[in-house]
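Colleague: Construct all of the structure, not just a fragment, from the sequences and the given hints.
So the protein lines, in turn, are chains A and B.
Residues are numbered in the numbering used here as their position in the first sequence, beginning at 1, plus a constant of 29.
Residues are numbered in the numbering used here as their position in the second sequence, beginning at 1, plus a constant of 22.
In short, the hints are calculated from the structure, not lab data.
It is possible that part of the hints are untrue.
Derived DSS-like pairs (lysine-lysine); straight-line CA-CA distance at most 25 Å [to be verified]:
hint	chain 1	residue 1	chain 2	residue 2
1	A	Lys67	B	Lys335
2	B	Lys335	A	Lys55
3	A	Lys191	A	Lys128
4	B	Lys76	A	Lys55
5	B	Lys217	A	Lys58
6	A	Lys66	B	Lys421
7	A	Lys67	B	Lys421
8	B	Lys338	A	Lys137
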Amino acid sequence: MDNIASGDNEILRVEGLSKTFTLSRKQQKIEKTRATKKVAVDDVSFTAGRGEIFGLLGPNGAGKTTTLRMLATLIKPDKGDAFVDGSSIVNHPEEVRAKIGFLTSELKLEDFFTPNYLFNFFSQLHGVDAATAAERQRKLFERFGIGDFAEVKVANLSTGMKQKVSLVISLVHDPDIIIFDEPTNGLDVLTARTVTDFLQELRSQGKTIILSTHIFSLVEKLCDRVGIIIDGRLTHCGSLGDICGDLSLEDRFFEIYKEAKGDEQ
Amino acid sequence: MRKNNNILTIFRKECARFFGDRTLVFTAIIMPGLLIYLVYSLIGSGIAKEMQEKIDKAASADKTVMMVENMPSQLAPMIDSLVYFKSGVFDTAEVFAQMRDKENNTIYVVFPENLAVDGRLTPVAPDAPVPHIQIYYNSANLAALQTYSTLVTVLNGWEESVANVFDINADPATQYDVVRADEEREEELDDLLSKLVPMLILMMMFSACMAVAPTAIAGEKERGTIATLLVTPMRRNELAWGKILSITCFALLSGCSSFLGIMLSLPKMVHADDFAIDVNYYGFSDYVCLLVVILCTVLLMVAAVSLLSALAKDTKSAGTLTVPFMLVVMAVGMTPLLGDGVPDNLAYYLIPFYGNVQAMASVFARQVSVLPLVVTLLSNLCYTGLAVWVLTRMFNNEKIMFGR
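Modeller: Structure, rendered in structure tokens:
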């Protein structure tokens with residue numbers, strides 16, 4: 030497996046991340062298991078380089094979101110560590126949080142406030158000075174057309190508008206590494222296109238993007254390298270060419286999935 | 023990059039959230055005071071009506087006996103329908119002894135000699151003391167109290183009709199109410215206030231905390247907005263301090279509203295003159311001490327309710343979780359009713375809430391000592407610091423923050 034980003038370009042290094050959850054009775058019923066523990070992420074290692082889009086591809090429940098939540102320091106790994114531009118997610122989570130932007134449907138914006146207020150509020154929490162924040166806000170709001178609803182409370186925005194605001198809020202501090210969990214989920218085709226175009230723009234600016242998805246076309250369109258994650262294990266990692274060969278990503282993924290699951294299917 | 027003051031940023035955000043929500047401001051600040059005012063005024067009116075009925079009944083059942091010395095003859099027709107007269111010169115000690123019996127409805131009136139001669143008021147020399155009418159009564163007997171009040175009104179009316187020439191019960195050194203000296207009345211009032219008011223204050227503070235704390239902490243979890251805060255580089259203890267300080271301010275505002283409601287409805291609750299409370303009854307230092315105790319109590323209570331709110335997954339379960347805590351706090355609030363005055367042992371002031379209640383009781387009993395107050399204040403600050411530390415750990419705990 031080609032888990033390593035090329036040369037000294039590396040900005041993210043993930044080393045043997047593991048996470049186990051205790052299942053409640055309700056979760057045991059949903060998962061149809063009697064086991065009280067579930068290994069969500071099992072010894073995952075990979076790296077990502079500057080100016081690279083790295084995709085984590087896998088089915089629902091494979092451990093993609095858990096991996097990203099650990100990278101964003103929302104939850105702690107049971108084992109292993111990851112280094113974001115040299116800062117450990119285990120030992121220096123505050124440093125890591127200052128270096129990353131994280132976007133997931135789990136992170137909600139306060140319905141009561143407007144995009145203008147929220148941009149200023151999060152800029153202050155990230156220690157961005159007022160002039161820089163104002164300039165950044167102008168550019169990002171213009172890029173996503175947020176100016177039209179900048180003074181409308183989040184509660185009154187559509188799903189697409191909220192997603193745009195969330196995306197912009199995650200970038201208030203202009204991070205070098207941006208982690209997106211299912212960035213186009215639930216979006217209409219127009220907003221989804223705006224988001225994917227923006228991710229490519231970010232890459233061209235030298236930003237690193239780690240995204241999780243189960244949409245093959247998104248990976249094929251955006252990702253420089255991809256890690257396939259099944260049942261918490263990173264089974265394959267590398268460029269699309271290395272992983273797929275002559276096959277399409279979808280066909281290759283199902284081959285890999287079959288190999289990994291074997292008789293369980 | 024600028025230097026962060028994240029506590030202030032969180033504080034300002036909480037203020038914008040709270041004051042920008044009219045419903046929240048109404049339910050947390052305006053409604054408590056308004057409700058207390060309306061309910062207490064209603065109860066007060068009921069009590070006043072019942073009291074008046076009792077007085078009227080007592081007055082109509084038995085005419086008061088009025089033992090009188092030197093009464094001008096023209097006064098008799100004015101009060102004849104109210105009282106049986108017993109004129110003469112009496113043994114004061116013996117009369118007072120009789121009057122102290124609650125069932126005895128006698129009042130004892132001493133007019134100055136020669137106040138009026140042949141139906142006309144005797145002129146008073148410019149440098150001579152103003153004639154002084156003394157009326158002794160037993161305030162425990164409702165009929166006597168009512169007659170005393172009527173007699174004062176009649177005499178004042180008479181005085182105005184004939185010229186302003188005499189005073190009634192004007193000697194501050196004399197105890198006219200034969201059963202209750204001023205000191206005794208003050209002691210009773212101090213005792214009553216020190217036993218009841220700390221509990222009332224504690225209840226107000228608790229409802230104020232409950233109005234704001236669960237929304238600010240459990241509400242953030244419920245709405246999913248806490249995670250958005252937790253992925254910023256802000257330290258968790260800054261989030262904890264920002265939350266606790268802002269909630270404390272809102273709780274204090276809510277408490278002030280309840281306090282205003284009580285103060286405005288108090289005149290309707292306590293009609294009798296002998297229960298009237300003047301703001302000057304307590305000194306400036308008493309008010310300062312009370313403010314300090316209230317501030318640190320609110321801080322401690324907010325810290326405790328915040329911890330419980332952080333444990334809860336939503337505002338509804340925060341309400342359920344705080345019920346046992348509320349019962350404990352209410353029970354502690356009632357301890358002055360059971361005890362025999364405020365404790366001297368400083369160790370008691372280290373006990374959270376119990377020490378606060380005793381410190382408040384000492385203020386209302388006008389027995390404030392500096393040391394217990396300092397112990398209460400410092401221990402409360404320590405407990406709040408400890409609570410912030412625990413809250414910080416809870417913000418760091420993924421099971422508590424994201425557990426379902």
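Colleague: Hint by hint, note whether the structure agrees.
Modeller: Hint-by-hint comparison with the structure:
no., hint, result
1, A/Lys67 - B/Lys335, "holds (22 Å)"
2, B/Lys335 - A/Lys55, "holds (16 Å)"
3, A/Lys191 - A/Lys128, "holds (23 Å)"
4, B/Lys76 - A/Lys55, "violated (65 Å)"
5, B/Lys217 - A/Lys58, "violated (55 Å)"
6, A/Lys66 - B/Lys421, "holds (14 Å)"
7, A/Lys67 - B/Lys421, "holds (15 Å)"
8, B/Lys338 - A/Lys137, "holds (20 Å)"
Violated hints for the displayed structure, listed by number in ascending order: 4 and 5.
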